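Protein chains in written order, with my numbering: chain E, 1 to 419; chain Y, 1 to 419.
Hints were generated in silico from the structure; no laboratory data involved.
This structure is a prediction, so every number in the text was calculated from the model and none was measured.
Warning: the hint list may mix true and false statements.
As the list makes no split between identical chains, a pair holds if one copy fits it or if it spans any two.
Said to hold, decoys possible - Calculated lysine to any residue pairs in the SDA-like style (CA-CA distance at most 25 Å, straight line):
no.	residue 1	residue 2
1	Lys209	Pro197
2	Lys209	Gln297
3	Lys17	Leu29
4	Lys17	His334
5	Lys243	Gln13
6	Lys17	Thr352
7	Lys17	Asp278
8	Lys243	Leu102
9	Lys17	Gly273
10	Lys243	Asp186
11	Lys243	Val172
12	Lys17	Ala61
13	Lys17	Pro301
14	Lys17	Asp362
There are 2 protein chains.
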Amino acid sequence: MEDATAYVRDLGQRARKASRELDRLDPGLKDRALTAMADRIEAEANTILAANREDLERARAEGLDSALVDRLELNADRIAAMADGLRQVAGLPDPVGAIDELRTRPSGIQVGRMRVPLGVIGIIYESRPNVTADAAALCLKSGNAAILRGGSEAITSNRAISRIMQTVLEEVGLPTGVVSVIDTSDRAAVGALLGMPEYVDIIIPRGGKGLIERVARDSQVPVIKHLEGNCHTFIDADADLAKSAEVAFNAKTQRYGTCNTMETLLVDRAVAGDVLPDLSRRFGETGVELRGCERTQELVPEAHPATEDDWDTEYLGPTLAVRVVDGMEAAMTHIAEHGSGHTDVICTESYTKARRFLREVDSSSVMVNASSRFADGYEYGLGAEIGISTNKLHVRGPVGLQGLTTQKFVVLGDGQVRG
Amino acid sequence: MEDATAYVRDLGQRARKASRELDRLDPGLKDRALTAMADRIEAEANTILAANREDLERARAEGLDSALVDRLELNADRIAAMADGLRQVAGLPDPVGAIDELRTRPSGIQVGRMRVPLGVIGIIYESRPNVTADAAALCLKSGNAAILRGGSEAITSNRAISRIMQTVLEEVGLPTGVVSVIDTSDRAAVGALLGMPEYVDIIIPRGGKGLIERVARDSQVPVIKHLEGNCHTFIDADADLAKSAEVAFNAKTQRYGTCNTMETLLVDRAVAGDVLPDLSRRFGETGVELRGCERTQELVPEAHPATEDDWDTEYLGPTLAVRVVDGMEAAMTHIAEHGSGHTDVICTESYTKARRFLREVDSSSVMVNASSRFADGYEYGLGAEIGISTNKLHVRGPVGLQGLTTQKFVVLGDGQVRG
């Protein structure tokens with residue numbers, strides 16, 4: 001226990017120091033490092049795969065469930081994707097140092113906001129070893145030092161990736177403390193990481209709800225968190241029904257396990273009879289089980305009865321709750337009561353209702369006539385995504401490089417004094 | 001205890017509800033309410049002053065210190081300033097609903113960010129009753145509900161102002177829950193306010209360091225805080241010495257008790273002999289006591305010796321620490337070690353050094369050739385200020401209406417689905 005804590009605190013101190021040095025170095029070094037990491041990850045693919053096989057064998061021997069083993073597994077494609085990801089991040093514009101809204105004030109001073117790194121970012125994640133490279137790349141590009149804590153099941157893979165990154169940092173002349181991978185399975189390491197606000201500016205947990213709740217509860221450092229994606233699609237009385245059916249079908253079935261997948265379909269009573277029977281048939285053919293309110297069951301006899309719990313459930317699987325509602329007001333009330341503030345969609349051709357829904361629904365993404373599956377950093381054009389925030393403060397929705405920075409005021413004067 | 005907690009939780013529940021209703025109402029109502037509050041505060045000035053006299057008498061009877069009694073006191077001018085403040089806030093552009101960076105993506109969806117209120121804001125402050133009106137106005141204008149907890153010494157004044165605001169809210173047709181003043185001196189009320197993240201989205205404490213540290217430590221809700229203003233002015237070897245002397249003199253003497261007042265003057269060794277003797281004489285004539293390093297004392301014999309503690313002290317009074325340093329690098333190291341990340345200034349004519357200082361000094365405001373006293377929401381053109389944040393997350397430096405809002409993503413589609 002003592003040792004893990006001292007070890008992590010030492011990484012923290014090194015990271016803090018490295019993050020300050022990073023500020024003074026040629027910004028081009030960051031991109032050179034990211035490109036070199038991509039090259040070396042490809043060149044040493046076999047070493048990484050061998051390390052990964054060790055993790056996989058141990059995971060299977062310990063009887064870890066197959067979804068977890070799947071996420072843990074690397075192969076040639078996944079390694080290529082990891083390298084591509086690094087190159088893409090290298091190609092993004094550098095957010096650091098951008099000055100916005102520089103204005104001259106009546107006193108004669110010019111005031112603007114300069115984008116600067118947060119400092120040190122702690123990432124806590126599970127199983128998927130590609131996060132090690134992805135997260136390190138986003139932190140480095142945004143001028144931050146990163147301390148990464150992966151799942152113990154992936155420790156051999158993460159160690160191999162870490163070694164490559166450390167070698168490259170040294171070669172290009174960056175302080176190696178800008179990327180640290182915590183190399184111990186001791187759980188005390190997580191507690192130590194969450195308990196050193198003097199060295200860590202923000203924690204980003206990535207993983208299941210249990211992990212995120214635990215991190216948010218225990219952390220003395222602010223947490224950018226993504227708790228739950230209980231997403232809704234509401235088909236309004238004024239919707240284009242053909243369009244709406246496509247949007248709703250895609251929102252549920254394009255992928256089941258993602259946070260932006262629709263979990264509850266709300267349909268205005270006025271069009272429920274026109275929409276639900278056909279759409280339900282398509283869902284049924286695709287293997288989606290429906291759980292409906294009473295009015296839904298009248299229209300779709302094969303739907304199972306929904307309980308109150310269904311409105312609050314993020315299935316992350318081929319199950320969908322369906323409720324017939326009395327208009328947009330009722331739909332918005334349902335979303336306010338049961339939603340998780342992630343992504344909610346209205347399908348309507350009514351200008352006035354679209355405008356009200358956009359304004360009043362308090363979610364990180366609010367959409368009109370588009371699949372909730374678009375709620376994603378790449379689809380939004382952020383270039384990359386370190387996660388999705390359901391926080392309201394600092395950053396909300398998909399988090400790209402900008403979310404890993406903050407702005408300070410800069411003032412340019414010519415000897416001005418205050419009168 | 002039980003009662004105060006239940007009472008505050010009830011205010012919280014009402015505030016949450018009111019903040020949701022506020023979103024649906026005509027935005028013009030907010031400005032009408034603010035203007036009507038200004039009018040009525042002026043019309044009922046005598047009632048407010050009578051209430052204030054009660055607080056003042058009690059404060060004097062209880063032997064409260066005179067600075068506190070001064071902050072507590074209202075008079076005709078301060079009431080006029082309060083009303084003017086409300087009218088100014090009414091005149092600011094409404095931040096809510098602004099959509100920025102709306103872009104069309106390759107998929108055909110349009111993605112933008114809409115500025116929306118945070119929800120419910122808790123303000124905890126001491127003595128000054130004008131904060132009650134100021135803070136309520138900024139919260140209301142930014143579309144938030146406010147729960148205000150003033151000092152017990154000001155409770156009668158705050159009650160009078162609160163009654164006026166409640167009457168106006170009712171008259172213009174806004175939910176009265178959008179502004180609540182906690183009407184009990186029971187300290188359990190503060191604990192309750194800090195402990196209900198389900199009703200309160202952010203806490204802003206305003207007052208001394210002790211209050212702010214206590215709030216930050218106990219709060220289960222995120223806190224926008226201003227801890228300390230240990231501000232530096234560095235006179236570089238390449239400075240215009242006449243300009244620099246004016247900037248430094250103003251930064252210290254224009255007001256002693258403010259957070260953006262200079263507390264330590266750093267001077268490059270190369271120009272210390274040209275700058276310090278004259279400048280020290282001016283400080284001496286104005287009654288500022290100097291505490292200098294050894295090299296300062298050689299140049300300014302009347303300076304008292306500085307101890308290590310002086311570099312870390314926010315005097316908030318007519319005392320100044322002075323240190324002669326070996327160049328900008330040493331100045332930046334001193335600021336990194338001893339500064340509070342509030343406001344730091346370089347005086348220089350060197351383009352390269354100005355650029356480096358702006359980039360590398362990690363403070364909420366970094367200035368070139370301007371008095372640190374400019375670090376203020378009004379001077380920066382934010383229109384109003386609810387405080388200054390020394391946080392890095394969410395908002396940094398002077399906090400205006402924008403800091404009381406967040407952005408959500410809005411997506412406008414035409415039936416797009418993800419492939």
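Against the structure, the hints come out as follows:
For the identical chains of this complex, lysine 209 and proline 197 are neighbours both inside a copy (23 Å) and across copies (19 Å), given an alpha-carbon limit of 25 Å. For the identical chains of this complex, lysine 209 and glutamine 297 are neighbours neither inside a copy (31 Å) nor across copies (60 Å), given an alpha-carbon limit of 25 Å. Taking identical chains as interchangeable, the C-alpha atoms of lysine 17 and leucine 29 lie at most 25 Å apart only when both belong to the same chain, with a minimum of 17 Å there against 51 Å between chains. For the homomeric pair lysine 17 and histidine 334, the shortest alpha-carbon distance between copies (15 Å) is at most 25 Å, but the shortest distance inside one copy (49 Å) is not.
For a Cα distance limit of 25 Å, the shortest separation of lysine 243 from glutamine 13 qualifies neither inside one copy, at 55 Å, nor across copies, at 39 Å. Proximity of lysine 17 and threonine 352 under a CA criterion of 25 Å is satisfied inter-copy only: 23 Å between copies versus 53 Å inside one chain copy. Taking identical chains as interchangeable, the C-alpha atoms of lysine 17 and aspartate 278 are never at most 25 Å apart, the minima being 61 Å within one chain and 38 Å between chains. For the identical chains of this complex, lysine 243 and leucine 102 are inter-copy neighbours only, at 23 Å across copies versus 44 Å inside a copy, given an alpha-carbon limit of 25 Å.
When the C-alpha separation of lysine 17 and glycine 273 is checked against a cutoff of 25 Å, the pair qualifies neither within a copy, at 64 Å, nor between copies, at 34 Å. Taking identical chains as interchangeable, the C-alpha atoms of lysine 243 and aspartate 186 are never at most 25 Å apart, the minima being 52 Å within one chain and 58 Å between chains. In the homo-oligomer, the alpha carbons of lysine 243 and valine 172 never lie at most 25 Å apart, since the shortest distance is 52 Å inside one protomer and 42 Å across protomers. Taking CA atoms no more than 25 Å apart as the test, lysine 17 paired with alanine 61 passes in neither setting, with 41 Å inside one copy and 53 Å between copies.
Taking the closest pair of Cα atoms, lysine 17 and proline 301 never come within 25 Å of each other, the shortest separation being 64 Å inside a single copy and 38 Å across copies. Only between protomers do lysine 17 and aspartate 362 lie at most 25 Å apart by alpha-carbon distance; the minimum there is 13 Å, versus 39 Å within a single protomer.
The structure fails to meet hints 2, 5, 7, 9, 10, 11, 12, 13 from the earlier list, while all remaining hints are met.
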